[in-house]
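Protein chains: 2
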Amino acid sequence: MALEPVLSQIDEDISTATERLMDLLRIPSISTDPAYKADCDSAADWLVADLKSMGVDAAKRETPGHPMVVGHINDAPAGAPHVLFYGHYDVQPVDPLDLWDNPPFEPQLEETEHGTVIRGRGSSDDKGQLMTFVEACRAWKAVHGTLPCRITFFFEGEEESGSPSLIPFLEAHREELQADLALVCDTSMVSRGVPSIASQLRGMLKDEFTLTGPRIDLHSGHYGGPGLNPLREMSRIVDSFYNDETGAVAVEGFYEGVHEVPADQLRQWENCGFDEAEYLNSVGYTKAHGEKGYSTLEQQWARPTLEVNGLWGGYNGVGSKTVLPSKAHCKITCRLVGDMDPDKLRDKIRKHVEDRLSTDISVEWDNDLEGSPASVMNLDRPEFEAARGALSDEWNREAVFTGMGGSIPVVGYFNTILGLDSMLVGYANDDDAIHSPNEKYDLKSFHKGIRSWARIMDAIAK
Amino acid sequence: MALEPVLSQIDEDISTATERLMDLLRIPSISTDPAYKADCDSAADWLVADLKSMGVDAAKRETPGHPMVVGHINDAPAGAPHVLFYGHYDVQPVDPLDLWDNPPFEPQLEETEHGTVIRGRGSSDDKGQLMTFVEACRAWKAVHGTLPCRITFFFEGEEESGSPSLIPFLEAHREELQADLALVCDTSMVSRGVPSIASQLRGMLKDEFTLTGPRIDLHSGHYGGPGLNPLREMSRIVDSFYNDETGAVAVEGFYEGVHEVPADQLRQWENCGFDEAEYLNSVGYTKAHGEKGYSTLEQQWARPTLEVNGLWGGYNGVGSKTVLPSKAHCKITCRLVGDMDPDKLRDKIRKHVEDRLSTDISVEWDNDLEGSPASVMNLDRPEFEAARGALSDEWNREAVFTGMGGSIPVVGYFNTILGLDSMLVGYANDDDAIHSPNEKYDLKSFHKGIRSWARIMDAIAK
Numbered sequence: 001m002a003l004e005p006v007l008s009q010i011d012e013d014i015s016t017a018t019e020r021l022m023d024l025l026r027i028p029s030i031s032t033d034p035a036y037k038a039d040c041d042s043a044a045d046w047l048v049a050d051l052k053s054m055g056v057d058a059a060k061r062e063t064p065g066h067p068m069v070v071g072h073i074n075d076a077p078a079g080a081p082h083v084l085f086y087g088h089y090d091v092q093p094v095d096p097l098d099l100w101d102n103p104p105f106e107p108q109l110e111e112t113e114h115g116t117v118i119r120g121r122g123s124s125d126d127k128g129q130l131m132t133f134v135e136a137c138r139a140w141k142a143v144h145g146t147l148p149c150r151i152t153f154f155f156e157g158e159e160e161s162g163s164p165s166l167i168p169f170l171e172a173h174r175e176e177l178q179a180d181l182a183l184v185c186d187t188s189m190v191s192r193g194v195p196s197i198a199s200q201l202r203g204m205l206k207d208e209f210t211l212t213g214p215r216i217d218l219h220s221g222h223y224g225g226p227g228l229n230p231l232r233e234m235s236r237i238v239d240s241f242y243n244d245e246t247g248a249v250a251v252e253g254f255y256e257g258v259h260e261v262p263a264d265q266l267r268q269w270e271n272c273g274f275d276e277a278e279y280l281n282s283v284g285y286t287k288a289h290g291e292k293g294y295s296t297l298e299q300q301w302a303r304p305t306l307e308v309n310g311l312w313g314g315y316n317g318v319g320s321k322t323v324l325p326s327k328a329h330c331k332i333t334c335r336l337v338g339d340m341d342p343d344k345l346r347d348k349i350r351k352h353v354e355d356r357l358s359t360d361i362s363v364e365w366d367n368d369l370e371g372s373p374a375s376v377m378n379l380d381r382p383e384f385e386a387a388r389g390a391l392s393d394e395w396n397r398e399a400v401f402t403g404m405g406g407s408i409p410v411v412g413y414f415n416t417i418l419g420l421d422s423m424l425v426g427y428a429n430d431d432d433a434i435h436s437p438n439e440k441y442d443l444k445s446f447h448k449g450i451r452s453w454a455r456i457m458d459a460i461a462k
Numbered sequence: 001m002a003l004e005p006v007l008s009q010i011d012e013d014i015s016t017a018t019e020r021l022m023d024l025l026r027i028p029s030i031s032t033d034p035a036y037k038a039d040c041d042s043a044a045d046w047l048v049a050d051l052k053s054m055g056v057d058a059a060k061r062e063t064p065g066h067p068m069v070v071g072h073i074n075d076a077p078a079g080a081p082h083v084l085f086y087g088h089y090d091v092q093p094v095d096p097l098d099l100w101d102n103p104p105f106e107p108q109l110e111e112t113e114h115g116t117v118i119r120g121r122g123s124s125d126d127k128g129q130l131m132t133f134v135e136a137c138r139a140w141k142a143v144h145g146t147l148p149c150r151i152t153f154f155f156e157g158e159e160e161s162g163s164p165s166l167i168p169f170l171e172a173h174r175e176e177l178q179a180d181l182a183l184v185c186d187t188s189m190v191s192r193g194v195p196s197i198a199s200q201l202r203g204m205l206k207d208e209f210t211l212t213g214p215r216i217d218l219h220s221g222h223y224g225g226p227g228l229n230p231l232r233e234m235s236r237i238v239d240s241f242y243n244d245e246t247g248a249v250a251v252e253g254f255y256e257g258v259h260e261v262p263a264d265q266l267r268q269w270e271n272c273g274f275d276e277a278e279y280l281n282s283v284g285y286t287k288a289h290g291e292k293g294y295s296t297l298e299q300q301w302a303r304p305t306l307e308v309n310g311l312w313g314g315y316n317g318v319g320s321k322t323v324l325p326s327k328a329h330c331k332i333t334c335r336l337v338g339d340m341d342p343d344k345l346r347d348k349i350r351k352h353v354e355d356r357l358s359t360d361i362s363v364e365w366d367n368d369l370e371g372s373p374a375s376v377m378n379l380d381r382p383e384f385e386a387a388r389g390a391l392s393d394e395w396n397r398e399a400v401f402t403g404m405g406g407s408i409p410v411v412g413y414f415n416t417i418l419g420l421d422s423m424l425v426g427y428a429n430d431d432d433a434i435h436s437p438n439e440k441y442d443l444k445s446f447h448k449g450i451r452s453w454a455r456i457m458d459a460i461a462k
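Residue numbers (UniProt numbering), protein chains in the order written: chain R, 1 to 462; chain S, 1 to 462.
Treat the hints with care, as some may be off.
When chains are identical, the list treats them as one kind, so a pair holds in a single copy or across two.
Stated by the list, open to error - Below, a list of computed lysine-lysine pairs in the DSSO-like style, where the Cα atoms sit at most 30 Å apart:
id	residue 1	residue 2
1	327	292
2	60	141
3	351	287
4	292	344
5	37	60
What the hints contain is simulated information worked out from the structure, not anything from laboratory work.
A quick note: this is a predicted structure, and the numbers were derived from the prediction, not measured.
Chain R extracted, bound-state conformation:
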């Protein structure tokens, strides 16, 4: 089947495709906050209806958490490859809301120095990226009435909240979700205009703990002095996580399972068009603050981290309150690489904290948080070479294999539970401000992303 008319159809349909994306962006499907449960449901319904409109046998599938969306279509020529396409329809919380220039769920087109962007929560992570593949399929159907590949769509609604329902769902539907290869669109380009295929992902460990000192909040005039303040204790313990000389994490055994990056891979990364200064300066850094002796890309792609995502205790309202608080709270996440074991790492971090607790301070841990190991892609598969060619054709720039600082646990589960390799192609840019106020997705990423998937499907079908 001819590719060119499909690409033309995509160009003609782009403004309508953008409207469809905006409809999806208007649904505040924040998965981590129970208050938005109904909205997550609505987003799933919207996707089911959209897939059905192009002849996909799609349905919303209930879970104990937010629903999955699964769709099947098999109108491809006999012997065509079978791909499982994954994306997630849930989005991050929007706070701090006051830093948004426009309401996060009232998406709009804006002109910027880098061209038109689609502004709104989820535009880049991941609704916009998810829709690049859906729109590519729509164009194939419109032009040829069929698709070049057999396709199973698999959309999740809990990616931003730890995917609690994912493993049981995959285990319960092993047969239904079988395919030759998983395609994932949730990654970014190493730099503007450089098509990128992620060859490795960092894993993730989440934990949260609360330190309790006095039974109740105390008056700092009565107990300030003899009383031990859990915020002081928390500061001491968080500070002890790090070695300020080397920039490394100081938790004993933290780097167990971490491997150095092979020299040839390092060379590739150094030549992949990544602009270190732009990457750091764009957010207000003048230098890389991670482990000394490692480049910014190594710190981001190949080194583990222990990050404090939230820390709070005492009075944070208007004015002042002379209180010595009873509790201090801390949320942390670690990014894992190589063979780091999330469960062993959790134990090491908890031991680090417990070994350092002062008398009269107790710690409680949140035991509902999960971890996932790092992933390395199977670059020997022919689909990777096919995709590299297709992307290079679309972007007039040699596509590159990159690392990834983020974590996409589903890739590991596809492998361990479904026995599936994954290929990660995404069109986001570093300045998309995902997880931040004023998230956006370049219209160019959306448009050329759709065209890229059309080309990739064509290439791997050959």
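Assemble chain S onto chain R, guided by the hints.
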């Protein structure tokens, strides 16, 4: 004029007096939160009406902030002493609200192991204590038709929010507020049933700062590693405030102006009935955590502190958010002793922080927060001996001169602006949970507190 019938009148009227206090406690006069401005006004109106009902020439006096209440009554025999009575009608915020067993502004009587208590925000700090003096005056008027002393009532509505209007008001009304001695009822008893007169108070310095790292909140997968987290920086800086070996504050020059307590005063403190174990255990401490080498009472009354009252940044909502936050915030207060200068101390603390900032981290300070030096009372005045006798008679226990860990800046201002000495007598107990959830005031403190003021007025009038 005979004292005994006044004391009997107080006993007969105690349940009605308790009802009046509960009316005042129902008004949520939280001064630090602008949302409660109208309530602060209502509390002032309530007090004006109550004073007028007993023949006091009272009026609400507007300020740029919350109003003052000033009342005069001069029906005492010629040559009677003139006292200025001070209390505050504003209260602390009530968060964390979920830790209150009953709504904080729906006061009620409760039976406890220590007898009946009046439960509710402000019951002890300071509405209940303020009303002990008002009720004592009411009883004198009811029995004798006159008061034994000439009295000026002076009630403030900004004590819990730094008293921004106090200094200008005192300066503008020097003449009107003249008296022989100021009486202040905002302190506690050194231990249950031991009448106490505060001989020294700690001063107070408030400050607040915000650390800013990246321009925006960042994705911890993209910038975790090269990015410097302001929460990590905040933890390092807060930890650097303290010397964990000695328990002392590590800010250079912090102890300038601090004097050791004379041996004879230390001996008095050791014999004043203070139960150190009970004081610490009641809130969950097994030992004193302050400066090594100083007793709990010294740490509380005679040593300065640097306390973190609030620390926050990043995500603190439900679930997890993989964010590297842009900002971290910290509220601190210091308790000052001896000749410590609040302004010099503020400079030392700010220099300590600024000297330790990492590249790419900036700090902003809140410049609207004030400080006040420590105060030492003039125990040579005859009124102190008179009050000590009156209190000893009422409580059947030798009254003691104690230190105070808290700060009552007005005492310093009465001295520097009005040229007035102050005498501080209060009936609160350490377990009153002031500034905390479930604040209470013992009915015994209220009842015997009223009787105590009746006796003190009688004694100093002689």
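Evaluation of the provided hints:
{"no.": "1", "hint": "327 to 292", "verdict": "between (35 Å within a copy, 24 Å between copies)"}
{"no.": "2", "hint": "60 to 141", "verdict": "within (22 Å within a copy, 78 Å between copies)"}
{"no.": "3", "hint": "351 to 287", "verdict": "between (32 Å within a copy, 24 Å between copies)"}
{"no.": "4", "hint": "292 to 344", "verdict": "within (25 Å within a copy, 38 Å between copies)"}
{"no.": "5", "hint": "37 to 60", "verdict": "within (14 Å within a copy, 51 Å between copies)"}
In terms of the numbered hints stated before, the structure departs from none.
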